[in-house]
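K.L.:
These are the residues of each chain, in order.
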Amino acid sequence: MNTNSNVYTVIYTTVIVVIVAALLAFVSQSLKAKQDANEKAETISQMLTAAQYGTKAELDKLGNAAKLDKYAEEIEKAFVIDLEGKELRELNIDRNELEVYSPKQLKRQNYNIKGGANKTGEPEIPVFIFKNGRTVVPIYGAGLWGPIWGYISFESDLQTIAGAYFDHESETAGLGAKIKDDPSFQAEFKGEKPDFAAPQSEIINIVKGGAPKDAEGKSVVDNSVDAISGATMTSQGLDAAIDTWLEAYAKYFTANKPAKEHCGKCGHHHEGEEVEPKAEEE
Amino acid sequence: MDAKLKETILNPIFKGNPITVLVLGICSSLAVTVTLKGALVMALSVIVVTGISSLILSLLRNTIPGRVRIIVQLVVVAMMVILVDQILKSFEATYAIDKQLSVYIGLIITNCIVMGRIEAFALGNKPWPSFLDGIANGAGYGLILIVVAFFRELLGSGTLFGFDILNRFGYVPNNLVILPPFALILLGCIVWVQRSIQKDLQEK
Numbered sequence: 157m158n159t160n161s162n163v164y165t166v167i168y169t170t171v172i173v174v175i176v177a178a179l180l181a182f183v184s185q186s187l188k189a190k191q192d193a194n195e196k197a198e199t200i201s202q203m204l205t206a207a208q209y210g211t212k213a214e215l216d217k218l219g220n221a222a223k224l225d226k227y228a229e230e231i232e233k234a235f236v237i238d239l240e241g242k243e244l245r246e247l248n249i250d251r252n253e254l255e256v257y258s259p260k261q262l263k264r265q266n267y268n269i270k271g272g273a274n275k276t277g278e279p280e281i282p283v284f285i286f287k288n289g290r291t292v293v294p295i296y297g298a299g300l301w302g303p304i305w306g307y308i309s310f311e312s313d314l315q316t317i318a319g320a321y322f323d324h325e326s327e328t329a330g331l332g333a334k335i336k337d338d339p340s341f342q343a344e345f346k347g348e349k350p351d352f353a354a355p356q357s358e359i360i361n362i363v364k365g366g367a368p369k370d371a372e373g374k375s376v377v378d379n380s381v382d383a384i385s386g387a388t389m390t391s392q393g394l395d396a397a398i399d400t401w402l403e404a405y406a407k408y409f410t411a412n413k414p415a416k417e418h419c420g421k422c423g424h425h426h427e428g429e430e431v432e433p434k435a436e437e438e
Numbered sequence: 021m022d023a024k025l026k027e028t029i030l031n032p033i034f035k036g037n038p039i040t041v042l043v044l045g046i047c048s049s050l051a052v053t054v055t056l057k058g059a060l061v062m063a064l065s066v067i068v069v070t071g072i073s074s075l076i077l078s079l080l081r082n083t084i085p086g087r088v089r090i091i092v093q094l095v096v097v098a099m100m101v102i103l104v105d106q107i108l109k110s111f112e113a114t115y116a117i118d119k120q121l122s123v124y125i126g127l128i129i130t131n132c133i134v135m136g137r138i139e140a141f142a143l144g145n146k147p148w149p150s151f152l153d154g155i156a157n158g159a160g161y162g163l164i165l166i167v168v169a170f171f172r173e174l175l176g177s178g179t180l181f182g183f184d185i186l187n188r189f190g191y192v193p194n195n196l197v198i199l200p201p202f203a204l205i206l207l208g209c210i211v212w213v214q215r216s217i218q219k220d221l222q223e224k
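From first to last, the protein sequence lines stand for chains H and Y. Quick note on our numbering: the first sequence kicks off at 157 and runs consecutively. Quick note on our numbering: the second sequence kicks off at 21 and runs consecutively.
If we strip away everything but chain Y, and leave its shape as in the complex, we get:
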């Protein structure tokens, strides 16, 4: 694998993370991180949507009329989101999660990461790198989601994936952690940690 492709995959995970560096997809990361299971399903859904939409649009990139390109992107992304939602609804194991995530699966279409990566990368690159870029950006988003959800479920419910962890030791769940503002506080902490490691992100 050449260095450029490697960079395409690794950059969105840490150095150019869509949430902590590009500050995209904040809204849904506050909403779906109450439980790890929800965050995991959301992360996988976004990975699938960004990856495949980027792939399809990159394949079509030379045929898309410039004036309606945003509309074409929207149609493809909306199709992927509906497909993911339909599939989640069809399986017994994911039906409850889909109900719990309710509108947020449908709102993946408004997640700036998806359209942002298509506009900035997929329309100007070959299908394979575009696909990897989509997957990697979805993964970067998912990684932050899972880190936030880990702390929120552990401290807010005393459980992880629904299994009692802190609850076993008489921990009293903290209700503040369940509420969206705490997700924002946690995100702030993550950005803080990242910027102290990655000095070039610090503003002078």
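So here's chain H without its partners, still in its complex pose:
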């Protein structure tokens, strides 16, 4: 048989590609359940990290089941809101049917928040309130090579960032990947106060060359952190992702912010007022 004829070549490559595609589709489908379970446990450990229930390395020592246990134990309430800050529905926090938002779901909501051709519906963004009084919200956006996402936790005042954890699909190892791998970068977000009154692009600033500092090296601006050297595009992408998502939550945060001092005049109840921040669990 002439293996060099055009007909043979075309048929041969077609058959090979179809077989390989079918095999990969089959394997991908049959392993999907297991992969989703792993991804869910990973998402949960990222949220727990952001809410300061331990470092990522400590939480990763727990198995999948233990992560789910810990989350079910520590979660106070989880629900979905719209851009007006109105609660749409509760998320299941029952140990065996935990509902969290996978990166894929965040991607869909990211399109919904931004609008445009990829919009599939009205935004439904999740809020996770933990028993230590911290509120965790996700962020999602584009890095240099692929999507980046993460979780930011707020103290019970809903103004101060308590912690953050970021993850990415394919940022450059050693540079952009530092948003995930470098705990000191994530630690920079602690204590920052996003400026919800500012224009969207300035809610949080990730500043190349370093955030403004005083003579003692302390940050003087409440909503600025240092960018990563050699990772300009990833830093900008993360900045934009945080700005977009925090703006989406701005109305919820403002409406549910506990009153600074107890004022006798306002009789209505402020949600979150009674929640006392518990000591950090290390």
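None of these hints come from the bench; they were simulated from the model. Just so we're clear, the structure is a prediction, and the values are computed from it rather than from any experiment. We treat Cβ as the ideally placed atom computed from N, Cα and C, and that holds for glycine. Just to be clear, a hint being listed does not mean it is correct.
Ranges between beta-carbon positions, derived for each pair [stated by the list, open to error]:
1) Glu112(Y) x Met389(H): 31 to 41 Å
2) Asn274(H) x Pro201(Y): 33 to 43 Å
3) Leu64(Y) x Glu246(H): 40 to 50 Å
Lysine-lysine pairs mimicking BS3-like chemistry, simulated, CA-CA at most 30 Å apart [said to hold, decoys possible]:
4) Lys287(H) x Lys119(Y)
5) Lys57(Y) x Lys223(H)
6) Lys109(Y) x Lys190(H)
7) Lys263(H) x Lys119(Y)
8) Lys226(H) x Lys35(Y)
9) Lys270(H) x Lys119(Y)
Using the hints, position chain Y against chain H.
P.N.:
For chain Y alone, coordinates are given in the frame of chain H:
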């Protein structure tokens, strides 16, 4: 086992090692050798990919149209890499490692060892020797990876497989060792040692 088959297996481990002699797969050996666990998983993945791709392509070797042979090789290698990645993602024990190795598992496809051995050996030899050649080349690559990772984890983090070793004695981890350039220095040292043992590799 005849001498030729033995040579096929033993040659890539030391005398014709893909990293130190053929200088293939350098990029990933710098990237994944920060921890022993990562290096071990990477080594096993490459062994599986080189072994099975060589086997499949050797079985197909007489049917592959010459003009599209590289594309056919690519399809098979890509399939193996995706399979390995999917399987690593599915198990609780390997999921974290897969996340840590991130893009490098997917980049096995660009590892010159895989395509190099298929082109140079599998397309001209019977399936069984081709399979062994693939496994042996993967193992030769893995061996260097593990040696480099052993020193990098020990000196860079003071641990081995995550267990404290040097840390127990008040060792301060050296951050330079964690960075990729140190892997290159270590590789250089390994090549140096090998060439001083194997005089025929020395250039006049």
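K.L.:
Look at each hint and say if it fits the structure.
P.N.:
Going through the hints against the structure:
1. Glu112(Y) x Met389(H): 31 to 41 Å: Given range 31 to 41 Å: holds, Cβ gap about 33 Å.
2. Asn274(H) x Pro201(Y): 33 to 43 Å: 42 Å, holds
3. Leu64(Y) x Glu246(H): 40 to 50 Å: 44 Å, holds
4. Lys287(H) x Lys119(Y): 29 Å, holds
5. Lys57(Y) x Lys223(H): 22 Å, holds
6. Lys109(Y) x Lys190(H): 8 Å, holds
7. Lys263(H) x Lys119(Y): OK: lysine 263(H) and lysine 119(Y) at ~19 Å, within 30 Å.
8. Lys226(H) x Lys35(Y): 52 Å, violated
9. Lys270(H) x Lys119(Y): Holds, because 29 Å separates the two Cα atoms, which is no more than 30 Å.
Comparing the model with each earlier hint shows a violation of hint 8 alone; every other hint is respected.
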